[in-house]
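Residue numbers (the numbering used here), protein chains in the order written: chain A, 1 to 663; chain B, 1 to 310.
Note that these hints are calculated values from the structure, not bench results. One or more of the hints may lead you astray.
To be verified - Partial list, computed: chain A residues near chain B (C-beta under 8 Å):
no.: 1; residue: G354
no.: 2; residue: E355
no.: 3; residue: F476
no.: 4; residue: K477
no.: 5; residue: E478
Quick caveat: nothing in here was measured; it's all calculated off a predicted structure. Ideal Cβ positions, reconstructed from N, Cα and C, are used throughout, including at glycine.
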Amino acid sequence: MTAKTPKTPKKPKDKRIGLFVCHCGVNIASVVDVEKVAEALKDYPGVSVSTDYVYMCSDPGQQMIIDTIKEKHLDGIIVAACSPTLHEKTFQEAAKLAGLNPYQIEIANIREQDSWVHSDKEKATKKAIRIVKSHVEKAIQNEDLAPITVDVNRRALVIGGGVSGLQAALDIADHGYEVILVEKAPSIGGKMIQLSETFPTLDCSQCILTPKMVEVSRHPRIKLLTYHEVDSISGFVGNFKVKIRKKPRYVDETLCNLCGECEKVCPQIVPDEFNMGLSFRKAIYMPFPQAIPGTYTLDAEHCLGLSPVRCGKCKDVCEKKAIDYDMKETILEEEVGAVVVATGYDLYTMQALGEYGGEKYEDVVNGLEFERILSASGPTGGEVLRPSDGKVPKSVVFVQCCGSRDTEHHLPYCSKICCMYTAKHAMLYKHRVPDGQATVFYIDVRTGGKAFDEFYQRAVEEDKVLYVRGKVSKIFKEDGKLIVWGVDTLTGKKLEVEADMVVLAMAMVKADGIEDLLRKLKIATDIHGFVAEAHPKLRPVESLNAGFFLAGCAHGPKDIPEAVAQASAAAAKVGDLFAQAELVHEPTVVPVNDELCSGCGICVTMCPYGARTLDPDKGVVVVNEILCEGCGACAAACPSGAAQQRNQTDGQIFSMLRAMLRE
Amino acid sequence: MKLHYYPGCTLKDKTTGLDISTREAMKRLDVELVEPDGWTCCGAEYPLTGEKIAGLAAPIRVLRQVRDEGGDIVVTTCSFCYSVLKRSNKALRDDPVKRKRINAFLRDDIQIDPLTKERTTGFADYNGEVQVLHLLEYLRDRVGFPRVRERIKRDLGMLPVAAYYGCRLLRPKEEMGFDEPDSPHLFEEFLEAVGCAAVDYPFKQECCGSYLAVSMPDAATEASYRVLRSAKMNGARAITVTCPLCFYNLDHRQETIKTAYLDFAGLPVLFFTQLLAWALGVDKALLGLGDHKVPADALFVERPAPEVRT
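Just chain A, with the same shape it has in the complex (with noise of 0.2 Å):
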């Protein structure tokens, strides 16, 4: 980590300042007298030359700043423009070919704070004036600033075992770099090994997610940790320090040979998580055939109690003594350089939903547990029998947007992959119970997608899937039958369909609990609790805090090939973060001058990265300039005036004030 400046500074009054005022064609000029703005600098104290030019970021505009610096040889240049959010790095380049430090660049914003919001010409000029000399001030006191540099641990920590945690892994490890995959489940497999087939080609999902499950298991490169959590997470970009929680399997995976005798003699019996609770499962299980690794797991929840005292008989039967009923909770450590956060999404509860009767009837389920029952591995063995009591039903009634885009109720937003399950589970039904009836109650359907609308109009053409536009307002029983209520707004009819069975396509939400693992990440997430990208149109992949990249629906609702696309995307930006020799961090950081710090701490508090912390030994405050983001907080908090940010210190915003406010 280091921070030098290169050359013997030059005292400010003696300083060269360039001032470069641009038209953006007419989006400055036709509101700021750009020329006058020129005009009025030329004499300013410390302003060797003033010009303007009409379009300043264009190849010419940045060639006469070039010769400009190097004829006129110039300490630092003010270029009078756009917002630096946008052109600053540009004219920071063009300044390091003119053999200038890129830290003596300032950029005067006289666009999105003075021409786009002002109309009077002659006011909008004269601020103009204004804010470019408070900047020649600053410039004549900026410093010649050299980037911290920091090196990269070039290891991945994968956060979630789904389809979208799976590719991520894979792709980094086929970059070439190591990966550590950790699933809090006692297998890798997601949601998407419970889907049974998928829209809109009807492949068998677990046929298309084993074979990458397996890969990831034997990938010499990827270090597969189920059954793990992410316990707690330091450092920075780079070079973070992770804790990871094993949870005890009770059942040792290397010699757990599957022979399934402690399954079979367990006592106690428990709803089957895979299935959706639709079946049973031991205490001891696996979660299904193809889990990864394949080992049994011992459920210590439901477990008679973890002694041979009080039941013991899985352990009697295990012939390869596998079962360990001292296994505790052990803590790992790893080191790694980039995570990426593919932690999922949940169901939203039927309870949500009193109306529909979701958890008042059996036969009336959600999505998931549809897709168990339409599932070859699933209760029934991928026959269409409901829940209650194993008939096969001969009207289904499919309702979407149970919860979806409900702005007074429930939640707004759309979940995306509802309107196309919910033509797969209406065209599975018809597949195997061809003389059922079929009806979809739908908002709109939202078919976006390659092939998709094609795939919809197949369920309503060929497999004569009824579609009716409205909304369910309720769903009982009268006489032993489901009875679904609900309008027909087409017609304007209010409908009363009878129905054996009824499928809620609950709206997608965020991971449960989910919430606990982000804050220790310090990852934004957005309203709704799913995790925030950086940008939402250019930097998708990515979260706003450097180091942490976003894959599948733990960003949003996403159907599988936006969430592979998506866990692609952030392998690729973690592999680019790899390929760099060493990470650089603005210099414009706020270090303690530790004979003016009193050791108070106020700045400690104030910083939101956690970039100070009080060395209780020397009594003053340290800090970690590659966590500091440069947000001045901690400066303006010091009252002793120790925390002085690079180029924005106190003596320059004085000055810029003093610059701005003189008539």
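Fit chain B to the supplied structure of chain A, relying on the hints for placement.
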């Protein structure tokens, strides 16, 4: 203790059974109900339709009177009165413009004492200080169902009864905050506390037809029929209501329902307070059963409560 009680007009005229049984039952729970002096009609549906501020005057005047008499709670039993009072109160609490305008209007009320002929005016502003509670809510939150259980004198023998919430009691959820409109359970808890078996049926919060009884009687007949049929089909021997209008539609119009729907054999309709009063040991003559068109007498069988109840 004394508790402010707003009976509302219908209880003084058409459904006295609800009023009498309420008073008698609450006496047995050591609560004396007092009516606010000079109360008027709450305005029924009127104050909350549209944005007419003047319509709020009647309910707010009642609430202000309760406050001026030193009350901080007022209970009602009628769903309509409850809805109007509670929502008007909330409108006044939440909306400073309404609060200002209504108070500007009500400040100059003139009250004349009937005995001394003394005139009072210049009333203090009302800012929503009083809490409006439904009697069911009061029983659950202030008295507590365990205490109701302790006072039970007669055994209702787990009579299967359907709780009928109707439309007014629970909605809108944000304003009533009473129970979950789509899966309520308060009324059922009450029935169990007095010794009945609550019947679960899907029409407990559907509309009885309400005022359509006047303008579209056939629609009201069908709506009431479906409620009664559903309750009966699920094993209810009676249906309980909290609202005089529901009572009218379900009880007084049952003859019409029976003529329109031949499969329907009739179901007694009770006020919840009648069950409460009976269980607490009130005399049958004080239940106000005379108002009922569908005879309900036979449901009240004299059976002392078992000695030990928990």
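Results for each hint:
The beta carbon of G354/A comes within 3 Å of a beta carbon in chain B, closer than 8 Å, and the hint placing it at the interface holds. Nearest Cβ of chain B to the Cβ of E355/A: about 4 Å, under the 8 Å cut. The hint holds. For F476/A, the interface hint holds, since its Cβ comes within 8 Å of a Cβ in chain B; the closest pair sits about 3 Å apart. Checking K477/A against chain B: minimum C-beta separation of about 6 Å stays under 8 Å; hint holds.
Against a cut-off of 8 Å between C-beta atoms, the interface hint on E478/A holds, since the closest Cβ of chain B lies about 7 Å away.
Of the numbered hints stated above, none is contradicted by the structure.
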